[in-house]
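Trainee: This is what each chain is made of:
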Amino acid sequence: MTFTLDRRFFLTLAGAGAGAAALAACGGPSTTPGATAAAPADIDFSGVKPAASIDFWSNHPGKSQDVEKSIIEKFHAKYPDIKVNLVTAGANYEEIAQKFQTAQAAKSGLPSLVVLSDVWWFRYYLNESIIPIDSLVKQLDIKLADFRTSLVDDYKYAGKQWALPYGRSTPLFYYNKDHFAAAGLPDRAPATWQEFAGWAPKLKAASGAQYAFMHPALAGYAGWTLQNNLWGEGGSWSKGWDITCDSAESVAALQAAQDSVYKDSWAGVSSKESADDFAAGLASATLSSTGSLIGILKSAKFNVGVGFMPGGSKEKTGVCPTGGAGLGIPSGVTKEEQLAAAMFLQFMTEPENTAAFSAATGYMPTRTSADMTAVLAQTPQIKIAMDQLAVTKVQDNARAFLPGADQEMAKAAAKILTQEGDVKATMAELKATLQGIYTKDVKPKLKA
Amino acid sequence: MTPQLTAKPGTSAPAATGRTMPQSRPVPQNRKRWSTRSLRDFVVFLALALPNLLLIAVFTYLPLINNIYYSTLNWTLGSASAAVVGLENYVTFFTSADAGRVLRTTAVFTAATVGGSMVLGLLIALALNSKVRGTTFARSAVFAPYVLSGVGVGLVWLFIFDPGYGVLAWILRGVGQQSPQWINDPQLSLVMVIIVYVWKNLGYCAVVFLAGLQSLPQDVMEAASLDGAGSFRRFVSMSLPLLSPTTFFLLITTMLSSLQAFDLIRIMTPLGAGTSTLIYEAYLQAFGAYNRAGYSAAISVVLFVILLVITVLQLRFIEKKVHYS
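Line by line, the protein sequences are chains X and L.
Throughout the first sequence, residue numbering follows numbering that gives the first Met the number 0, covering 0 to 447 in sequence.
Throughout the second sequence, residue numbering follows numbering that gives the first Met the number 0, covering 0 to 324 in sequence.
These aren't lab readings, by the way, just hints derived from the structure by calculation.
Check the hints yourself; a few may be wrong.
[What the hints assert, rightly or not] Here are the computed lysine to aspartate or glutamate pairs in the DMTMM-like style, where the Cα-Cα straight-line distance is at most 20 Å:
| # | chain 1 | residue 1 | chain 2 | residue 2 |
| --- | --- | --- | --- | --- |
| 1 | X | 439 | L | 262 |
| 2 | X | 442 | L | 87 |
| 3 | X | 439 | L | 87 |
| 4 | X | 444 | L | 87 |
| 5 | X | 271 | L | 97 |
| 6 | X | 98 | L | 184 |
| 7 | X | 444 | X | 428 |
| 8 | X | 262 | L | 184 |
[To be verified] Computed spacing ranges between beta-carbons, pair by pair:
| # | chain 1 | residue 1 | chain 2 | residue 2 | range |
| --- | --- | --- | --- | --- | --- |
| 9 | X | 193 | L | 99 | 51 to 57 Å |
| 10 | L | 125 | X | 90 | 53 to 59 Å |
| 11 | X | 65 | L | 57 | 41 to 47 Å |
| 12 | L | 131 | X | 421 | 18 to 24 Å |
| 13 | X | 143 | L | 50 | 53 to 59 Å |
| 14 | X | 65 | L | 44 | 56 to 62 Å |
| 15 | L | 240 | X | 439 | 51 to 57 Å |
| 16 | L | 94 | X | 423 | 49 to 55 Å |
Note that beta-carbon positions come from the ideal geometry of N, C-alpha and C, so glycine has one too.
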């Protein structure tokens with residue numbers, strides 16, 4: 000028997016090992032038949048005692064780590080027997096989702112409470128990764144009626160409540176008041192995109208900024224803000240589960256967006272974060288989340304104005320999507336941990352805490368009874384965001400519920416806005432992709 | 000990569016080496032002595048190698064086998080259940096537009112980064128091989144990017160390439176030009192990532208080539224010089240062929256490294272628009288927005304097979320053209 004560990008053998012092993020190392024090693028799934036989500040059942044928590052320690056996974060939306068810590072300290076003072084460990088589980092919604100999904104696959108290391116964004120919670124529902132919280136709401140007497148209806152209803156499906164709103168936001172129209180004044184424009188957001196198109200040449204000429212308007216970064220949440228453009232022209236990503244991104248109205252809306260970049264040349268497309276570009280003075284106006292408000296106000300060296308999202312030629316109002324994140328309780332932890340997590344969830348969303356969170360970040364106060372007087376005195380712009388909540392619209396299913404749809408929308412937007420791709424053909428291609436995702440990844444899991 | 004000269008018992012040493020090898024002895028005695036030694040050596044070999052082999056088996060080959068199994072499932076990451084679909088994930092991949100796009104991107108990225116790192120690395124090694132002041136500092140400076148964190152490098156270069164307020168845009172504006180859309184345009188994104196990857200890794204090639212250049216037989220080079228061969232002629236006809244073991248080694252290692260490049264792509268182009276190589280596509284499909292773990296596993300198997308085939312082809316065909324002495 001001879002072993003010859005020569006270069007040839009070593010390199011062969013290295014080649015094989017290198018490829019293998021690229022492969023994931025996770026816990027495997029069960030392959031028993033029946034992939035449809037089970038009918039949600041109420042969980043009985045009677046007689047359950049809350050766990051002594053729970054993990055709370057957050058990405059600290061809106062740079063909220065400090066305010067989260069302070070709320071946790073108040074929780075510890077009220078419930079000294081429950082320790083909440085704040086875990087930074089990602090830098091954004093996608094990273095926290097990735098970590099959560101991986102923990103699900105590994106069947107270990109799950110948190111008791113997790114931040115879940117508008118495009119992720121439905122997947123967790125489909126995968127049975129989170130529990131319905133109805134019985135906990137009842138047992139702990141969580142005042143659902145006091146939550147803002149549009150925000151809490153976002154997490155209702157199949158007759159159950161799957162999460163509660165936390166860092167909830169809408170997009171806002173941000174503008175540079177100094178630039179608007181220099182161009183002789185009124186100190187307000189435009190009522191429609193058509194009106195802004197009329198303002199843009201004056202803005203560009205008078206402001207000295209590179210662009211009159213900066214489209215949000217495509218790698219961010221292009222699919223979210225573009226709903227505003229689509230809805231204004233009577234289009235949409237989808238109606239129910241029917242994909243409508245290639246309708247004449249949708250194509251017209253995106254053609255107008257493309258024209259703003261190429262034909263009329265008054266708009267740019269942000270590479271990383273349009274809020275940063277705007278605050279740096281690169282553009283006179285942009286769209287960004289309400290969660291960017293405090294950051295923009297702190298970093299901008301000019302007077303910042305905010306306003307409602309502009310309408311379009313077909314719809315002047317009701318063209319602003321809701322967004323942001325909620326808090327959910329994983330199914331893979333013990334009942335004791337779930338109960339303790341629900342107690343903390345209740346505390347986090349109490350009126351004074353949602354007001355404190357809102358003051359620190361600019362996100363919406365999720366409770367109608369939250370006293371925002373002090374917050375509004377300090378940051379009056381938040382009032383605009385709060386008022387806009389009354390005219391928000393629930394997001395299109397295609398964007399919120401189809402796995403990976405947001406990325407596909409961003410890629411399509413990139414083709415249109417940065418490569419001058421044909422809008423109609425791009426939307427037809429997107430439609431086929433989205434339909435494929437629905438047919439393969441969602442439809443089989445929906446209950447009849 | 001200098002080959003070891005070995006001599007089997009019962010053979011004579013090559014005369015050219017000038018070494019004295021053991022005298023051959025009658026076969027039966029020899030066989031008995033070597034059997035005892037072989038047994039002892041084998042026990043030592045097992046004691047030393049077994050822990051490592053076990054680790055490799057558990058952390059490399061077991062996941063590999065698991066992954067092949069996962070590639071036959073329609074499994075959403077995070078879901079506790081999955082359906083067995085046989086080869087459907089492979090069929091889906093190879094019949095979709097993804098396959099052509101991803102394989103093309105992988106080929107372009109690998110060819111550009113391997114070629115760029117090796118050619119530039121060789122040129123830098125030639126410059127560093129000259130006896131001028133400051134070469135020690137220059138060697139350190141050239142090698143430094145290789146040991147830097149890919150995440151940090153990616154973030155810094157993102158700032159340089161930012162078309163809004165990046166350094167490159169500022170320079171271009173100074174000469175009246177607009178910055179290209181490095182980040183938003185998928186084609187330019189690929190170019191951007193290739194530039195940064197080559198910048199980060201050419202130091203490795205430069206240092207290895209430099210070691211190769213410094214081990215070339217100087218007497219032979221001087222003889223060629225005395226015979227009237229110019230520097231270019233000496234480089235093409237002597238240095239390059241004599242460097243072939245180094246070139247071959249770098250070709251394999253840089254190609255494996257490029258095919259597995261991840262950190263820079265992840266940091267600079269998180270959506271993978273235009274930069275989605277096989278390994279990044281596998282990551283995006285499972286851990287990005289899609290959560291298609293089974294489909295991702297199938298892509299990983301495709302990558303594994305490609306790596307295996309490339310390595311075998313390199314060993315079978317290219318190594319034959321390598322001059323080891």
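Trainee: Hint by hint, work out which the structure violates, then give me just those numbers in ascending order.
Mentor: 1, 5, 6, 7, 9, 10, 12 and 16
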